[in-house]
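Q: Go ahead and model the full structure; you've got the sequences and the hints to work with.
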Amino acid sequence: MGCADSLGAISVNVAKRTFDAVIVGAGGSGLRAALQLSEAGLKTAVLSKVFPTRSHTVAAQGGVAASLGNTTEDHWHWHMYDTVKGSDWLGDQDSIEFMCKKANEVVIELEHYGMPFDRTDAGKIYQRPFGGHSMHYGKSPVMRSCAAADRTGHAMLHALYQRNVRAHTQFFVEWMALDLLRDANGNVLGVTALELETGEVSIFHTRATIFATGGSGRIFYSSTNAFTNTGDGLGMAARAGIPLEDMEFWQFHPTGVAGAGVLITEGVRGEGGILRNASGERFMERYAPNLKDLASRDVVSRSMVTEINEGRGCGHDKDYVLLDITHLSPEIIMKRLPGIREISIRFAGVDPIKAPIPVVPTCHYQMGGIPTNYKGQVVIPKTGNPSTPVHGFYAAGECACASVHGANRLGTNSLLDLLVFGKSAGESVVADFKAGQLEFKPLPEDAAEKSLARLARLEFMKQGNTVHDVRLAMQRTMQKHAGVFRFKDLLKEGVTHILKVAEDAKETFINDKSKIWNTARQEALELDNMIEVAKATMISAEARKESRGAHVRDDAPDTPEHPNGRDDENWLKHSLWFSEDNHLEYKPVHLKPLSEDVEPIALAKRTY
Amino acid sequence: MQTSKRTVQFKIYRYDPDKDAKPYMQDISVELEPTDKKLLDALVRLKAKDDSLSFRRSCREGVCGSDAVNINGNNALACLTDVDSLPQPIVLRPLPGLPVIRDLIVDMTQFFKQYHSIKPYLINDEQPPERERLQTIEEREELNGLYECILCACCSTACPSFWWNPDKFVGPSGLLNAYRFIADTRDQATSERLDDLNDPYRLFRCHTIMNCVAVCPKSLNPTRAINKIKDMMVSRAI
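Protein chains in written order, with my numbering: chain L, 1 to 608; chain V, 1001 to 1238.
If you are wondering where the hints come from, they were derived from the structure by calculation, not from laboratory data.
Incorrect hints may have been included.
Anything over 10 Å on all C-beta distances counts as not near chain V; from chain L, calculated [to be verified]: (1) Phe19; (2) Arg54; (3) Lys102; (4) Asp121; (5) Lys124; (6) Arg276; (7) Ala288; (8) Arg312; (9) Ser387; (10) Glu427; (11) Phe433; (12) Asp512.
Cβ-Cβ distance ranges computed for the label pairs, FRET-style [unchecked claim]: (13) V:Glu1130 with L:Gly131: 28 to 36 Å; (14) L:Asp183 with V:Ala1048: 39 to 47 Å; (15) V:Trp1164 with L:His168: 25 to 33 Å; (16) V:Met1233 with L:Gly123: 36 to 44 Å; (17) L:Ala167 with V:Asp1018: 50 to 58 Å; (18) L:Asp554 with V:Gln1088: 44 to 52 Å; (19) L:Lys139 with V:Ile1137: 24 to 32 Å; (20) V:Asn1124 with L:Gly131: 31 to 39 Å; (21) L:Glu585 with V:Gln1026: 17 to 25 Å; (22) L:Pro330 with V:His1116: 46 to 54 Å; (23) V:Tyr1024 with L:Pro444: 43 to 51 Å; (24) V:Asn1072 with L:Asn13: 51 to 59 Å; (25) L:Pro600 with V:Pro1128: 32 to 40 Å.
Straight-line distance between alpha carbons at most 30 Å, and here's what the computed BS3-like set of lysine-lysine pairs gives [to be verified]: (26) L:Lys480 with L:Lys513; (27) L:Lys16 with V:Lys1230; (28) L:Lys318 with V:Lys1005; (29) L:Lys462 with V:Lys1168; (30) L:Lys354 with V:Lys1005; (31) L:Lys16 with L:Lys354; (32) L:Lys605 with L:Lys480; (33) L:Lys515 with V:Lys1022; (34) V:Lys1011 with V:Lys1049; (35) V:Lys1019 with L:Lys16; (36) V:Lys1119 with L:Lys513; (37) L:Lys480 with V:Lys1049; (38) L:Lys354 with L:Lys292; (39) L:Lys43 with V:Lys1113; (40) L:Lys480 with V:Lys1168.
These numbers were taken from a predicted model, which means no experiment stands behind them.
Think of the CB as a built atom: it goes at the ideal place given N, C-alpha and C, for glycine as much as any other residue.
A: In structure tokens form, the structure reads like this:
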């Protein structure tokens, strides 16, 4: 089936494809959702910009949290407590209960799918300790992270893909979704998508649409994220009128390799590593006289950004500091830090035995996203209910905000999030389908118009701003104005700057006009998505006048009245940013768990 | 650490079927920033200069397997290759033996078809236990050197046997993955898997040339896996 749309001088054939469901993204959450749908016999299309095993889940290392208790005693109540506390109480306790309770089930399923977990002496899944995870409500560390060496994400993504091969899931590999389709009543009807190889556009008309598009860490100059993490789901949702939740909360790691962004573990400083500025000064002595370089992550990252902003950074652009372990003996480095030495040689071009490693606080994970409930349904404010489900629309994984991570995510909870909510979104679609609630809504005549207009603009622009320049301006603006530590004045300026960059992004042009595998066009379309995320982040961050979790402001310091600068009276609420007019709304945090199985975790000052 | 800007010369295979009658080698140079270390950094820099240059890339740290290309005659990942270590002009071609879609982008259909042909998933039809299936540490260690494959296709497209018979010979990557499941104590389909590979082409086109071992960016050894499959066939026959 096909219809001819003509736009200006180009005539585009838009094929219409009909499926029960489309899943956009084939990383961990998309593949987990796909299994539910394929096994239930729904006609499902999974779209992915890259071959599924190239999705960024593949880069996760440390493990996936589950209170299996294989080595130490554990309980999901304790996991829930740790997660709420880690979220600085911004996480929704119903979603957090759901995730922690479901953890064992989804991890065991993975093992049954064939995931090569490491093993204990008893032959069970190996578990290791991780930051922020404890037993008996913060008393002592617990071994909760289920791991396959330091390649857990790779092992997980491949196991999920393999299980989908077995389930005959239908993939559209190297297809990029362009826009979310909604009718006049706001119902979601599917997506438009571009086949990279041919340049052809299709409409995927569906009963249900699941977004599993991952993060968008590439809006920052320095990121641990893959090139493909461009927030496509967030951009598509925002352009279609769906708000983005809690986008001011980004997790940074103090020591990513400058330029490359590859992570250097905190253990380097544990072994005696020292951070130095351009004049060689051990600057942490000024910021944290007692713990110095081993102060907590947010303190260290904030200090590094201050050094860079005040002109004491290193290098041509004065935009990084140095992590120095040259005073340690080569034997200690070879014995304790061999992997870091290898990364440093490979990605910084320096042998840390001989020279310091250039590092910057590096954007790592987006806590916010498309607002969902614990069932994976996308929810928006409507007629007095702040969480009304959008007909036909679901989301899971890093692109969604359930919200389980609140203002700060614990390590190993990201892989758990994508398993639990990927499965839950899939289950919701199957349940809604079987209940007869997912009828096909008619597709408007001009459904593909918006996408074709975006493509036509790129086709006909003869001059303008290069994608490379606008993207770089965005990344530098985000890095400087919405980094790990936020300054009132920088945020204000940042809003002005990013809105200017957003205007520039409307005038991008590409030289390459080829239909065949046009990566220039792809990058321009990705930039449209990243810009939405960047605006959401800057505007939400400027507006939140407190410090909480990863959002730390200079004008909201630690006081007796507001411990850690947190202001529960005014700011214990989720932000919702709308692309139209850049306006913000707020909705309450769910402080009540889902069931009677567990008491609410009462508000308290967050200390470790 | 490279601390200065420098200009690097390239010879790059270019082909856009939308406008080129046939492929050609493009001479192009680019000035690299001090922070540009890897061949992939140079490709990204080149793309800022000429946005029509097409190549795949994603994680840029050697774990997603997107950016395998033929670099000065050897298959490797652009993101793990030091640009300053390469003799110039750096000659870049698409992976050999697969159809070219555009520039450095090859059609990997045949490669994945072979991967899918070995049933790359755990087969165990017993009702799973409530908890995990148990596996000893030693049994799990059998999977090391196998499960880490990133499906980049460096090995299969360096293999003359795969070049001649990409439709019939499973190739080193597919066979490594086949052995990954044969070696897994949780998998019950060893016998069917061996039957499937007991074929003059699917397995036995491997002539132990070992190009696969030489190029694997994850230091895996497909030849060893292939020999283990052959050994199992022999011991099963006697």
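Q: Each hint: holds or not?
A: Tested hints:
1. Phe19: At about 21 Å from chain V, Phe19 of chain L clears the 10 Å cut-off, so the statement holds.
2. Arg54: violated (4 Å)
3. Lys102: holds (15 Å)
4. Asp121: violated (7 Å)
5. Lys124: violated (6 Å)
6. Arg276: holds (15 Å)
7. Ala288: holds (28 Å)
8. Arg312: holds (19 Å)
9. Ser387: The assertion about Ser387 of chain L holds, with a minimum of 34 Å to chain V.
10. Glu427: Fine: 19 Å to the nearest Cβ keeps Glu427 of chain L off the interface.
11. Phe433: Given a closest Cβ separation of 25 Å, the condition holds.
12. Asp512: violated (4 Å)
13. V:Glu1130 with L:Gly131: 28 to 36 Å: holds (30 Å)
14. L:Asp183 with V:Ala1048: 39 to 47 Å: Hint holds: Cβ distance 40 Å, inside 39 to 47 Å.
15. V:Trp1164 with L:His168: 25 to 33 Å: holds (31 Å)
16. V:Met1233 with L:Gly123: 36 to 44 Å: violated (29 Å)
17. L:Ala167 with V:Asp1018: 50 to 58 Å: Check failed, 36 Å falls outside 50 to 58 Å.
18. L:Asp554 with V:Gln1088: 44 to 52 Å: holds (49 Å)
19. L:Lys139 with V:Ile1137: 24 to 32 Å: About 30 Å separates the Cβ atoms of Lys139 of chain L and Ile1137 of chain V, which means 24 to 32 Å holds.
20. V:Asn1124 with L:Gly131: 31 to 39 Å: Holds - the Cβ-Cβ distance for Asn1124 of chain V and Gly131 of chain L, about 35 Å, lies within 31 to 39 Å.
21. L:Glu585 with V:Gln1026: 17 to 25 Å: For Gln1026 of chain V against Glu585 of chain L, whose Cβ atoms are near 52 Å apart, the range 17 to 25 Å is violated.
22. L:Pro330 with V:His1116: 46 to 54 Å: holds (47 Å)
23. V:Tyr1024 with L:Pro444: 43 to 51 Å: Between Tyr1024 of chain V and Pro444 of chain L, where Cβ atoms are some 45 Å apart, the hint holds.
24. V:Asn1072 with L:Asn13: 51 to 59 Å: The hinted range 51 to 59 Å is violated for Asn1072 of chain V and Asn13 of chain L, with Cβ atoms some 42 Å apart.
25. L:Pro600 with V:Pro1128: 32 to 40 Å: holds (35 Å)
26. L:Lys480 with L:Lys513: Violated, at about 34 Å.
27. L:Lys16 with V:Lys1230: violated (48 Å)
28. L:Lys318 with V:Lys1005: It holds: about 16 Å lies between the C-alpha atoms, which stays within 30 Å.
29. L:Lys462 with V:Lys1168: violated (48 Å)
30. L:Lys354 with V:Lys1005: holds (22 Å)
31. L:Lys16 with L:Lys354: At roughly 60 Å apart (the allowed maximum being 30 Å), Lys354 of chain L and Lys16 of chain L break the hint.
32. L:Lys605 with L:Lys480: OK: Lys605 of chain L and Lys480 of chain L at ~29 Å, within 30 Å.
33. L:Lys515 with V:Lys1022: holds (17 Å)
34. V:Lys1011 with V:Lys1049: Satisfied, since the Cα-Cα distance of roughly 15 Å is no more than 30 Å.
35. V:Lys1019 with L:Lys16: holds (28 Å)
36. V:Lys1119 with L:Lys513: violated (40 Å)
37. L:Lys480 with V:Lys1049: Holds, at about 26 Å.
38. L:Lys354 with L:Lys292: Status holds; Cα separation ~23 Å.
39. L:Lys43 with V:Lys1113: holds (22 Å)
40. L:Lys480 with V:Lys1168: violated (55 Å)
The structure is inconsistent with the numbered hints 2, 4, 5, 12, 16, 17, 21, 24, 26, 27, 29, 31, 36 and 40, although it conforms to all the rest.
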